[in-house]
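Undergrad: Below are the chains, spelled out letter by letter.
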Amino acid sequence: MVNKQMSILVVDDLASMRMQVRGLLGQMGFKNITEARDGKEAITLLDRTEIDFVISDWNMPEIDGMGLLHYVRNHEMYEKLPFLMVTGQSDKNNVIEAVRAKVSNYIVKPFTPDTLEMKIRAVLRSTEPLWEK
Amino acid sequence: MATKQFVTFRIDGDLFGMDVLRVREINRILDITPVPRAPVYVRGLVNLRGQTLTVFDLGIRLGLAPRPVTEESHNVVLKQQLVGLLVDSIGNMAQCDELDVERCPANACSIEAKFIDGVVKLEEELLIVLRSEKLLEYAGV
Amino acid sequence: MGMASEIVVNEFVAEAREHLSNTEYDLLAMENCVECEFSEIVDRLFRSIHSIKGASGTFGFPAIMELSHAMENVLLLFRKGEATPDHENINDLLNGVDKLKCMIEDIYSSSSVDCRKELERLNAILPALGKSPMENSGNDSKAAPLDPSNSNGQPLPPSRAIKLVIKGRGNTFATFLPEAEELSSALSMQHFVFAIRTEKKTSVDFLAKLEEFGQCLATDSGAPDQADGTCCYLFSTVLEPDLAGAALDIPEEQIDHIAPEILQQALVAPPATPPPPEPSQPPRSCPQPPLGQPAPRKEKTTPPETIRVNVGLLDTLINLAGELVLGRNQLRQILDATVDTNPRLRTIIQNVNLVTSEMQAHILRMRMQPVKNIFSRMHRLVRDLCEQLIKEIELSTEGGEVELDKSILEGLIDPIVHILRNCVDHGIEPPAERIAAGKPAKGQIRLRASHEGGQVNIAVADDGRGMNTGAIVEKALAQGVLNLDEARRLSEGDKLGLIFLPGFSTAIQVTNVSGRGVGMDVVKTNVERFGGHVDIESVQGVGTTIRIRIPLTLAIISSLMVGAANQRFAIPQVNVKELVCIPVENRRRRIEQVGDAVVLRLREQLLPLVRLTDAVGLSPDFIHPETGERLPDRRQRIADRRVNLDGREDQTDRRHSPRGDVYVVVLRVVGNMFGLIVDELFDIEEIVVKPLSDHIRDCRCFAGSTILGDGRVAMILDAPGIASSAGLAFAEVKCEQLRRLADESGLRKSAAPSVSTLLFKGAPQELFALPLSTISRLEKITREAITRIGNQEFVTYCGKVLPLMRLDAFLPVSPLASTDEQLHLIIPKSAELAVGLLISQVIDVVELAVEPGRDADTPPCLLGSAVVEGRITMFVDMEEILRTIGKGPLWRQSSS
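Protein chains in written order, with our numbering: chain A, 1 to 133; chain B, 1 to 141; chain C, 1 to 896.
Errors might be hidden in some of the hints.
Unchecked claim - Short, incomplete list of chain A residues facing chain C, as computed with Cβ under 7 Å:
no. : residue
1   : 14
2   : 16
3   : 19
4   : 94
Everything labelled a hint here was simulated from the structure, so no lab data went into it.
Each residue gets a CB set at the ideal place from its N, CA and C atoms; glycine is no exception.
I would like the entire structure built from these sequences, with the hints used as guidance.
TA: Now the structure itself:
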């Protein structure tokens with residue numbers, strides 16, 4: 001049973017993408033969603049609040065998704081923090097790099113709501129659909 | 001059956017009404033700064049929480065005498081523009097069915113017909129419903 | 001993806017716009033940037049386009065995605081150094097940006113935008129690259145379970161190994177004995193599971209690599225066909241099949257994807273054999289490879305973080321901040337009285353003061369935007385124009401960080417575009433001409449913004465051919481906006497200023513870029529609309545600089561507070577030239593009547609004066625010196641003096657200040673100055689401008705309203721409006737001034753060759769001249785003021801009845817048009833006669849050294865005629881006229 005109260009951090013420099021992801025997470029019943037505009041802000045938030053799940057874009061100014069992932073995995077505290085990386089279609093090498101850096105999973109843009117749901121489910125090892133009626 | 005609600009107020013003893021949906025607020029901010037050379041019906045400007053509100057003397061606007069400012073005077077602030085109407089006093093809210101708003105007989109009162117939306121027969125008196133958009137209309141010079 | 005909500009899409013549109021505007025700038029910058037900037041610019045470009053691509057795909061706008069994808073591919077080539085940006089491919093990218101903009105603007109119809117040409121061109125840049133390297137694939141394995149040991153499918157307790165036999169490509173088989181727990185965990189995470197064959201025996205290096213990307217669930221447990229020295233691994237990873245090979249750097253043939261259903265089946269089947277110990281199995285967990293360093297920091301290279309805020313929200317915030325300031329001021333006024341009773345109060349008040357002021361300042365700053373927002377599009381403009389006009393120009397911009405109020409910034413776009421068009425079209429010469437003139441073939445235009453004392457300067461400087469003032473004057477003469485005599489008097493600066501006259505254009509050749517109708521006058525009008533000024537400097541052959549000076553913000557202005565008729569008014573500081581206090585004892589000397597105008601002598605100048613109360617139509621009042629009462633002031637003119645019964649002037653007039661001093665605010669309006677008489681002077685304050693409602697806008701005297709510290713509303717005075725509504729007689733005053741100057745110079749050098757002459761009109765087409773020395777005054781009257789008794793006309797002037805005369809009574813000229821409501825009077829200098837000459841219009845006062853020609857036909861009362869400024873002008877013999885009328889009985893009578 002997935003804990004819908006878990007705190008999810010959505011990191012993307014495009015507000016529209018954040019809104020979209022937040023909207024979909026909302027439809028899955030997640031209540032506790034925080035947003036960050038880039039890796040830098042995400043790190044600040046991570047250090048300040050309890051985050052149970054990170055969904056981060058790769059392509060961001062300042063500290064990108066990879067930088068964030070490195071930061072997370074380099075901290076004992078976050079070693080096991082579920083981290084879903086969002087990448088572009090042509091970012092083959094990015095994906096490989098992210099996987100090497102122990103990303104929990106990745107999702108390729110453009111993605112459908114179902115893909116996102118599936119990926120989240122994969123990270124959370126949940127077999128039941130997350131969608132709320 | 002759509003009901004309508006009116007803010008009511010008096011000018012020269014007559015009862016006027018304005019659709020409540022067109023009224024932003026009613027206040028007694030009457031520290032009016034006159035605006036020389038403005039049209040006669042413009043009484044001046046007041047400070048409505050940091051914005052300047054143009055106050056019309058509703059008496060003059062309707063073709064009646066200018067209104068003196070008394071203890072009872074109020075500003076009926078409209079929604080459409082930052083304009084307040086200076087009235088003699090505020091009455092109770094009035095409510096009626098949309099269908100009860102009758103067309104105004106041509107000689108019903110002394111004010112210009114274009115400002116009147118219709119009349120409603122209340123228990124004791126006649127309510128003259130005003131058209132805010134006509135009151136706000138500016139003909140220019 | 002399905003439909004993204006409208007809010008999300010709107011947000012995306014806004015973001016995409018922002019990205020695209022930066023993109024355009026960066027593309028242009030990339031074309032001629034230095035090497036060290038290059039990678040930074042390319043990265044930024046790539047990131048922008050990439051973001052747009054990703055989001056557009058996700059939100060379901062495939063056309064945008066396709067085009068941005070094509071652009072991204074080109075940028076990728078740049079980034080890898082496989083292609084270099086050149087004029088051509090940057091053009092293609094710019095065109096792509098244009099199309100993207102187009103799509104974004106009407107995003108729901110984005111697919112109907114035809115961008116085939118752009119796509120084709122972009123794709124042509126990357127023949128080698130072909131398709132994008134990675135597709136979203138999910139192709140499943142060809143592997144099938146050969147021998148999934150099955151029987152009565154009970155789920156197994158997890159800590160057991162299961163047997164898995166996999167048939168791979170080329171008829172290879174592998175048998176794995178993974179732990180059920182690990183396998184099911186991999187499945188629950190939806191990991192992909194692969195069977196991988198390698199050439200060599202078990203390699204620690206390879207295992208480490210596997211662990212890097214996932215988990216090695218099992219190795220081949222020594223099947224007989226393994227004699228060939230290959231080794232098999234059961235590998236679970238989050239990587240998709242087509243990525244796994246790339247990640248592990250092994251050919252695709254050696255990897256077989258195992259469908260999850262197969263693994264699922266294997267899991268529910270009981271193991272064929274108990275899990276044997278796996279001696280050959282390498283340690284499950286290899287030492288973790290060192291994790292990468294945090295991403296390299298790229299500070300300073302990215303713009304500061306921003307968020308978008310709705311302008312309406314901002315304006316609300318500005319209003320609220322204004323309100324807070326008011327509240328603070330009111331509080332302060334009340335607390336000031338009691339502050340001494342509680343010393344702690346003082347610190348608190350000071351703190352609140354400080355914070356409030358600072359907050360207001362910051363909130364006002366939120367409307368500010370850097371000028372680079374508009375500078376950036378100018379690069380594109382100049383580039384396109386150069387292409388069109390076959391010129392070579394480099395546009396450099398400076399001071400992009402200078403900020404201006406959003407609305408001003410938007411208003412500046414058109415003027416700057418116009419100036420730049422002029423620069424490219426007329427300013428910068430064609431390359432050949434430049435080379436011939438010893439200049440580099442490539443022209444330079446510098447667009448520069450800078451702060452200068454509360455104002456922002458924007459200068460557009462080119463190193464082109466400069467302006468030919470001679471040509472400008474010629475053109476002005478040809479267009480009739482100037483006459484020869486005026487032209488002669490113009491300074492070089494004045495001549496350049498002619499280009500700001502309406503309808504003026506110096507383009508010799510009409511091109512479709514500029515020089516057609518709209519000209520610099522539009523620039524001037526636009527800039528002046530928000531309180532700015534335009535200047536021009538030009539040196540022929542060297543270049544032209546046009547400078548725009550603008551106030552920092554529209555929302556807040558520095559204003560002088562003045563009082564009149566017990567009301568306070570704000571005068572924008574930009575209009576205030578100086579403050580003059582005329583002590584009561586100097587009033588007689590300094591203020592006098594010239595014709596209709598009351599003037600102030602200020603140094604060498606005569607300044608028309610207007611009372612603020614008159615200008616705005618308030619009844620003037622004054623405070624009675626003894627009772628302190630406010631009483632109406634009944635005097636009509638400021639120059640009128642209170643005269644005591646014994647005929648001496650009352651020196652204790654107290655109209656304007658307790659002492660009777662007169663406060664004059666000298667105001668500057670386009671080309672003129674005048675004095676505004678106010679009752680009280682207060683401080684200079686920063687005020688927040690509130691717009692006026694339509695109902696008030698027509699009063700002309702006001703530029704807006706504001707809310708004062710005490711919460712009351714005050715009107716902001718509009719200097720040009722006041723000048724025009726007060727009907728200030730600038731011409732007459734100028735006339736008088738010239739006359740006085742002429743008088744003075746006449747005294748100094750009696751044999752002056754030229755004579756100050758008043759030019760005036762009678763009937764519409766008839767021009768007359770009179771030496772100023774014969775004129776005592778000029779007056780303006782209305783036709784209504786004229787009374788007719790018998791054949792004689794009169795007006796009341798200075799309390800006396802003044803008989804009038806008309807030129808057509810003495811000269812064979814046409815009568816005045818009967819339609820003019822405003823007429824003028826010339827009151828000649830005469831010892832015995834008081835008479836007014838009725839004319840229709842005062843034209844100018846000029847210095848003339850002409851001897852009017854006279855012949856036998858010249859009628860009496862006329863000195864003769866001459867051509868003045870290209871037109872036949874009749875010189876009136878005033879002495880003769882006075883002599884003629886002096887003979888009549890009526891004249892003598894009334895003058896006595």
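Undergrad: Next step is simple, just say for each hint if it's right about the structure.
TA: Here is how each hint holds up against the structure:
{"no.": "1", "hint": "14", "in the structure": "holds (5 Å)"}
{"no.": "2", "hint": "16", "in the structure": "holds (3 Å)"}
{"no.": "3", "hint": "19", "in the structure": "holds (5 Å)"}
{"no.": "4", "hint": "94", "in the structure": "violated (10 Å)"}
In this structure, the one hint that does not hold is number 4.
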